[in-house]
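*Asks:* Chains as they are written, first to last, in my numbering: chain A, 1 to 440; chain B, 1 to 440; chain C, 1 to 440.
Watch out, some of these pointers could steer you wrong.
Since the list gives no way to pick out one identical chain from another, each pair is judged satisfied if it fits inside one copy or across any two copies.
Pairs of lysine-lysine, DSBU-like flavour, derived with a Cα cap of 30 Å [what the hints assert, rightly or not]: (1) 348 with 153; (2) 368 with 55; (3) 368 with 423; (4) 368 with 128; (5) 235 with 423; (6) 429 with 235.
Hints in this document: simulated from the structure, not taken from any laboratory. Predicted model only: the values in this text are computed from it and were never measured.
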Amino acid sequence: MVNKNKNIAEDMYRWATDIFPICRSLSGSGVRDTLNYIKKLLPDLVIHEVVSGSKAFDWVVPDEWEITDAYISDEAGTVLVDFKQNNLHVVGYSEPVDIWMEKEELDKHLHSIPEQPEAIPYVTTYYKRDWGFCLTHKQRKALTSGKYHVVIKSNLKSGVLNYGELILKGKEDKEVLLSTYICHPSMANNEVSGPVVTTALVQLLQSLEERRYTYRIVFVPETIGSIIYLSKHSKEMREKTIAGFVVTCVGDDNNYSFLPSRKGDSLSDRIAQHVLNVEKIKYTHYSFLDRGSDERQYCSPLIDLPICSIMRSKYGTYPEYHTSLDDLSFISSSGLMGAYQVISSCLKALESNYYYKVTLPCEPQLGKRGLYPMLSTRNSGNEVSTMMDFLAYADGNIDLIDIANTIGSSYSICAEIASNLEKHGLLEKHTRQLNYIFRK
Amino acid sequence: MVNKNKNIAEDMYRWATDIFPICRSLSGSGVRDTLNYIKKLLPDLVIHEVVSGSKAFDWVVPDEWEITDAYISDEAGTVLVDFKQNNLHVVGYSEPVDIWMEKEELDKHLHSIPEQPEAIPYVTTYYKRDWGFCLTHKQRKALTSGKYHVVIKSNLKSGVLNYGELILKGKEDKEVLLSTYICHPSMANNEVSGPVVTTALVQLLQSLEERRYTYRIVFVPETIGSIIYLSKHSKEMREKTIAGFVVTCVGDDNNYSFLPSRKGDSLSDRIAQHVLNVEKIKYTHYSFLDRGSDERQYCSPLIDLPICSIMRSKYGTYPEYHTSLDDLSFISSSGLMGAYQVISSCLKALESNYYYKVTLPCEPQLGKRGLYPMLSTRNSGNEVSTMMDFLAYADGNIDLIDIANTIGSSYSICAEIASNLEKHGLLEKHTRQLNYIFRK
Amino acid sequence: MVNKNKNIAEDMYRWATDIFPICRSLSGSGVRDTLNYIKKLLPDLVIHEVVSGSKAFDWVVPDEWEITDAYISDEAGTVLVDFKQNNLHVVGYSEPVDIWMEKEELDKHLHSIPEQPEAIPYVTTYYKRDWGFCLTHKQRKALTSGKYHVVIKSNLKSGVLNYGELILKGKEDKEVLLSTYICHPSMANNEVSGPVVTTALVQLLQSLEERRYTYRIVFVPETIGSIIYLSKHSKEMREKTIAGFVVTCVGDDNNYSFLPSRKGDSLSDRIAQHVLNVEKIKYTHYSFLDRGSDERQYCSPLIDLPICSIMRSKYGTYPEYHTSLDDLSFISSSGLMGAYQVISSCLKALESNYYYKVTLPCEPQLGKRGLYPMLSTRNSGNEVSTMMDFLAYADGNIDLIDIANTIGSSYSICAEIASNLEKHGLLEKHTRQLNYIFRK
């Protein structure tokens, strides 16, 4: 088990290393290369494409962006800023340019962060035709007066936008959503951690002998991708989805973070908090007002899905966020593994979360079933108290998670107890809440 | 605006000064003189009369009380206590008397406050035939043994009880109630502040270009007046009233006070607390158990209207209350203005408090509508986050006030945002909560 | 009254002293002797019997156990452990034995408590054929190597299990349950206190001129007894029971304890907490997870009765629990009386707990009914404020207890007020919550 986990942790970090250098954006070959990489790990992944100009609710699928090279060189021909060294150097969706300009003019197209002089910021211009370069503030300050040659070899033309989708059928029609994004260039926590942890989670789900729920897993460009996906599937998702997680920022070792769904009391929220609490994980509980990823779409009023997020260091809260400092050294195999373990515990908790109802009035006689110590002494009660507590609350109207919370136990212990009691005929399992009326 | 407010503040204090000297009681010329003064400011005010002996629920309209003079003089003919100097000197509803009596006998009819030797207390005997004088404890202690001539030139006879009523029609049939009282003699915070602030609020409501709600404003003698009014109008008021305020003790500069409705969670309560909080007003939150004015009738079980109060120093809580020390020096134009501003904010909040529902699934594309900065940088999100937060909660099931509370904003900012988004077709406005079912 | 209470307190302690020495167990003559003693005090008590082998839900009525003698003696014939000295010396339900054995072999059948060397522990083996002796650790340590003569003159054979039942009819069909147990040998707080306080409560209920509710009082062997009783009566009990208390551990002077029902918000729970609070009793509020007596059956999911417990020192929380140290010196007449008074207050509160609804809109005119001081001065309001507060909340939808809690008063003051107001025609009494619609 420890070895298996070590393998998973190392696999995830290796996959992260592999896809880190790819220059992703909303669309284009970067997204496709990333999806194709994942498809090698998850052969059932279906890669979809939507043509530029297609409508999705209030949005229009943008043109496809391709970039092959970009640089700024001085009059001596020295390349000062080079896309090939770091794909963050070019503002995402920059239009092509090949021009000589004075430093003063060029400066209007430059982005840097004075307080982080070593960091290249990440900037995009998806919905307005423009171009620009991002560079460290150190690089920027070194630019002297004079003329500069500015070249962006990019291409904005009608094409497609891609996303990946994988449906794992379960015994029940009800679904759990996992959503992650694949649209940022070379950044680690706030990009590659999401798809690699999601990939590992899918492998786990595929390995289950028995799968209760159906899992819908999507790898989408953030915002436009989830909007496109919802524009095609929201009706069935609204009918079927009982829980779900946006998987993002799951790579570093510094923190754990919880971002609730809009309403904050969904099954996803209850499961996530139960797992974080019983695993004694110290975490920051954010408000839905702090949201920033695709829960913005999944939880929007007319969609209203029960989606929350468990993260390591949340986007927007760490200085490396949206800069070149969010690189492979910011994440680690143990950071990825920590997130993987919490989210996989949530999935296990979901799978085991039935409504249980006792089959007999009053307490059962555990002794004759070998479930109770025969000799009653002052302390013998403690041994079976969790089992008795479970039975005391199993009225078919609160689920396993809420019983566990009420009796101060964990989903895993309760699942084991419930399974044992069910085998002895003392419990019956229901997928939905009952409002039974008992008549002897 | 500042000048306009200065004028309102000064107007209110001048009106207070004008009506302060009038000797009001439950009925009689004092009430009529006060109503006639207000009618000059609010020509649409209708002055009603109810004849003595009329029934109103459990009550009977008392005889009309008139008083022209009253004094206590000693054997030398020196007037020691004189109604003409302060109308609090006579117990309200005293029957006529003209008699010489020993000091010991007279003393049974005297009221003073040992702990406040300079204050004349305010005492009434509405429902039991009796008479008495109120005087400072200093005056009382100066009375020596001997005979005194006691004269009260009053008159208790069948007549009428008056109250004022003003209905301002709005676009909606639903009503907001403002109720204030006009039955105390010369006291300032606990009497004249109420009618003058209410008068200014009516002038504000009349000046609105568009008025959503219908406003029912009543100037009544406390208790018996509101009971009479409810005995005539409770059926329609119960059908129409969505909110309301008793306007009393709104003149001093010392405090702000909030007295909730009986149930404490009505729209009035939510609005009042929202306004007090977003305007960062330090206030004392009283319990409905501390009630003492006409909310006792409006919130009574079989009436059950959603009426609360925002006050400055609440009745019963300041030493000057119900004494001659609650005079024009106890209130001020700024004190009146503070209350006027909070209550008028509540009315504005009420007018803008719709249920909003987004028109589109997922987030709208704000950029193409000029509602979003085009270039996405690390911090650009902040500028529009309140707008996005508003959209995230606008599901037609929580009102503007609750959205504002949820997203940490104010009714006025949210009203502006909602109006803007509505213009762009991104929100629809509803007067009632929805429980929509979205089907794509 | 004080004398009467003194008598009750002394009666209870005397009864406790009388039944303390009886060797009770689940079944047998000890239970019958105890029930017969109580029947002398409560002639209406019906003593039922259920034959061994009868089924009750998941349980089977065990064989009847009789014991006449038991001892351990050494080779010199000295009796070292003697049942006649303390009936805790024999493990409950021990099978007969008459054998010589080595100390090492005997030791496997001995029970003592090293940390309490002076205490004989209480041990039973109801559902597994076995035998054993309990002794102080001091006694145990004094046993030297050698042979011992072990004798238990007991008898396990088909017989009956007994319990007592008493129904006190009230005006209403709705029932209140009092349940106590009679199955422990010589222990005081955790045995005899329960039946004696229950007996005194029944005498109180019998003495009431008018009884609103029907009372169902049961004296049962713990667990198996309540299960048997429920197997016969749960249908009607589920239909009729509105409240109830398990009466146990009600004899010492050290503490008060409250153990809620499973759901924690039943009428029993509200009443119990109201009484404990208004009588300013310091108590420990336990969780239902700390349960341990027959509420385990009464509150089990398919039974689901609203039963809680008010105790002195709760079972399992004091060192003397389930040992010979829980003897007559551990309880006292004042300890019993304290519990008696709190529980009898609960019963009085239950009897007076109607839903009241005012008969008139607005406040009534109390003055004309002699309910209000005629002269209104600054402070006269205080005298009638509790009455006015009661009227302000009496809308037919919250009960007397909740009104008392809301207005900061007690059930007894509110019951007096309500009775007075009802006499004056100002309130009407309902046994159930209303959801009236007022139309004038």
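*Asks:* Please flag the earlier hints that this structure goes against, numbers listed from lowest up.
*Replies:* 1
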